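S.K.: Quick note, the sequences are listed as chains A and E, same order. The first sequence begins at 1 in our numbering and counts up by one. The second sequence begins at 1 in our numbering and counts up by one.
Hints are not guaranteed to be accurate.
With a straight-line Cα cutoff of 20 Å, these simulated PhoX-like cross-link-like pairs (lysine-lysine) come out [as the list claims (entries may be wrong)]:
#1 Lys-37(A) / Lys-2(A)
#2 Lys-37(A) / Lys-73(E)
#3 Lys-43(A) / Lys-73(E)
#4 Lys-76(E) / Lys-37(A)
These aren't lab readings, by the way, just hints derived from the structure by calculation. Because the structure is a prediction, the values reported are computed rather than measured.
Now for the letters of each chain:
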Amino acid sequence: MKTRIKELRARDNLTQVELAQRVSVRRETIVFLEKGKYNPSLKLAFEIAKVFNMRIEEVFLMNS
Amino acid sequence: MKIKHTSLVSFISPTLGIMLLGLWAYLAKEPFNIIGYLIFGLSILMIGFGLYFKIQRFNSEKSGLNPDDELSKRIKEKAAAKAFNFSIYMWVFIILFLIDMDPRDKIIIGLGLIGMGLIFFLNWLYYSKIGVSDED
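Isolated chain E (complex conformation):
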């Protein structure tokens, strides 16, 4: 089984992300409101998670272990499926219950949701035809 090597270059994007967030906070003309703090906090959290997984992967490879084995792939697939399901319902909820949302924005989000559904359906058709191997 081939092992992809995590190079130090792959740490550049999360580092850049943190730097950009810091720059954004520094250059903000007004103090953050609650939404600003929320966005900032969630961004830091996501970048932090990304860094954590990269470090774990790097350490696994250093130990001669395969960081992308069948269980980690299954976990990713399960998480992606759950995220997709949750996203659909979340956006439908937002469209239906966010009263002071611009109707044009609602249409755009609705089209996005339809697109998500269509992509899911096309993938489902495709994999139903060709099957799914363990190597995927």
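Bound conformation, chain A alone:
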């Protein structure tokens, strides 16, 4: 699964630590998410999308 987290963080001027604090995860989790090495739970995906004020499918992109 690909994500737009890095791009959206840059748009909103958020560091990985700040995003991690807002969704209550470790910074390493954000790193793994950005690299596409970890698929988040539905709850975490919702929370991240909420931070960026977007829908889940706009933040997380399924590989076809």
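Since the structure of chain A is already known, use the hints to place chain E on it.
M.R.: For chain E alone, kept in the frame of chain A given last:
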């Protein structure tokens, strides 16, 4: 999500572990043989790992981050599952191929292995019934 706080008290057990290891090495009546060095080295390594993870956790909490998030829980579960699998095969190997082992010891280890399998099976039955939530 609640964050458990790592207090400085939690650093006491690894510190005590290091002190006890040091005491054991100091009070040893004979110099260590290879097995002794191996045990000592592995113990230091494990305590070192424990300390490293505690310090990481402490720093995460200081930064306002959650050290026990879903990914860290999944990593722990995966590591535990692999360790369990590996342990079973390791002990079976030890029982079968360590020729000068006391037969009574082999029986005890074998019973332990059966116990491990039984505990695994009971847990599997239980979680198959009630399911597993993300919060676990």
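S.K.: If a hint holds in the structure, say so; if it does not, say that too.
M.R.: Okay, the hints, checked on the actual structure:
1. Lys-37(A) / Lys-2(A): holds, 9 Å
2. Lys-37(A) / Lys-73(E): holds, 16 Å
3. Lys-43(A) / Lys-73(E): Cα-Cα ~15 Å, so holds.
4. Lys-76(E) / Lys-37(A): holds, 17 Å
Checked against the numbered hints above, the structure breaks none of them.
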